[in-house]
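**Student:** Residues per chain are reported as follows:
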Amino acid sequence: MERASGGLLATSQQDPALSGNGKWLAVISDLRGRQTVQMRNVINGSIQALPQLKRHQPHSSPSLSWNGRYIALITQHGRRRMAVIADRLNGRLHPIQLPGGRDPIQVSLAPDAQTLALQVTDQGLWRVEIFDLSDVLEIDRPAGQALSTPPLTPAP
Amino acid sequence: MRMVSLSLGVLLFLAGCSSDRPRPRPELNGLLRQSVSSRRDPSLGQIWLASLGKRGGRERIELIDLRNRRPVPLPGLNRADAQPISLSVSGDGSRIAVVQQRDDRTELFLYRRNAAALQRIPLDPPGVPRSVSLDGSGRLLAVQVSRNGRWDVDLIRLP
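Top to bottom, those sequences are chains A and B.
For the first sequence, numbering that gives the first Met the number 0 assigns the number 155 to the last residue and increments by one with no breaks.
For the second sequence, numbering that gives the first Met the number 0 assigns the number 158 to the last residue and increments by one with no breaks.
To be clear, the hints were calculated from the coordinates, so they are not data collected in a lab.
Hints are supplied without guarantee of correctness; some may be wrong.
Unchecked claim - Label-pair ranges, simulated between beta-carbon atoms:
#1 Gln82(B) to Leu30(A): 42 to 50 angstroms
#2 Ile46(B) to Pro57(A): 31 to 39 angstroms
#3 Glu137(A) to Arg57(B): 21 to 29 angstroms
#4 Ala114(B) to Gly100(A): 39 to 47 angstroms
#5 Gly77(A) to Asp123(B): 26 to 34 angstroms
Claimed, not checked - Which residues of chain A face chain B? A partial, calculated answer using Cβ under 8 angstroms:
#6 Gln75
#7 Gly100
#8 Asp134
Claimed, not checked - Pulled from the structure, derived: some chain A residues nowhere near chain B, Cβ distances all over 12 angstroms:
#9 Ile27
#10 Arg31
#11 Leu49
Where is the CB? At the ideal position from N, CA and C, for every residue including glycine.
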């Protein structure tokens, strides 16, 4: 078993989330008293900017897709907690609307970014709800994975 | 006035976002409500959902195959004397990392489905684990650890 050095990052860190390919780590850091998501390259330790998520703290419960293109997390908008998905490739932000006054608590994004699981409070109980994102997000697939193009067959 | 500006802020935020909507999956969400009093800590793999379902006052780790919406047996994972705290399933569904409490000790474990084996993962230096994440293959693990009154994140490579 090989270990990275204990206490990977300098300040207090919570809610770690690895990308599917293991190259990216998202954590919630206390930055000037605000719980803010940070994304780090696991290999060289560099921090990746997330300009579309600069505000709306406190952040919590980050989750990454396979290549780290998408980051899902819980944010604060006015009095409401809101789950959002940020696309690091084009800068777009996708809010997840929850009807009926339910509050999002925790979020998990599938590696290919086609499915989202949300833990919500519903009449004082915790529920998990699944959403299909195939109309919203492009697939974030592993490098080198075959596309769905049918194989060429020799002419009869 | 403050309320109006807050609402305006949310509207402006939403206007700058995508108009496409995520679609709820009612057949799956109905199943997730059945036979549990509450469910928390979802973790998605490629075709897997792991979560903590509460039945009869006790929480158990459950893994559901999203293709057929059926729970998968996890022999040896849920112990009667252990309380699961958090979990993460690898993208391929082969491994589940779990933080659980037993006899006043909170420890990190790795469950391998093909061997039905639960292995304790020691923390070095020692600390109290809380939140955990596996990568797609289940070979890299990130864990939030309390040490000396602050939270660290450790990365652990697994064979």
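**Student:** Please go over all the hints and tell whether each is borne out by the structure.
**Tutor:** Against the structure, the hints:
1. For Gln82(B) and Leu30(A), the Cβ-Cβ distance of about 33 angstroms falls outside the hinted range of 42 to 50 angstroms, so the restraint is violated.
2. Checked against the hint of 31 to 39 angstroms, the C-beta distance between Ile46(B) and Pro57(A) comes to roughly 32 angstroms, which is consistent with it.
3. At about 41 angstroms, the CB distance of Glu137(A) to Arg57(B) disagrees with the hint of 21 to 29 angstroms.
4. Taking 39 to 47 angstroms as the suggested C-beta distance range, the pair Ala114(B) and Gly100(A) conforms, at roughly 45 angstroms.
5. The hint said 26 to 34 angstroms for the Cβ distance between Gly77(A) and Asp123(B), and at roughly 44 angstroms that hint is violated.
6. Using the Cβ-Cβ criterion of 8 angstroms, the hint placing Gln75(A) at the interface with chain B is not satisfied: the shortest such distance is roughly 11 angstroms.
7. Below 8 angstroms, beta-carbon pairs count as interface contacts, and Gly100(A) has none with chain B, the closest being about 15 angstroms; its hint is therefore violated.
8. This hint holds: Asp134(A) has a C-beta 5 angstroms from the nearest C-beta of chain B, less than the 8 angstroms allowed.
9. The claim that Ile27(A) lies off the interface is violated: its Cβ sits roughly 9 angstroms from the closest Cβ of chain B, which falls inside the 12 angstroms cut-off.
10. Every beta carbon of chain B lies more than 12 angstroms from that of Arg31(A), the smallest distance being close to 17 angstroms; the non-interface claim holds.
11. The beta carbon of Leu49(A) is kept farther than 12 angstroms from every beta carbon of chain B, the shortest such distance being approximately 15 angstroms.
Going down the numbered hints, you'll see the structure goes against 1, 3, 5, 6, 7 and 9, while the others check out.
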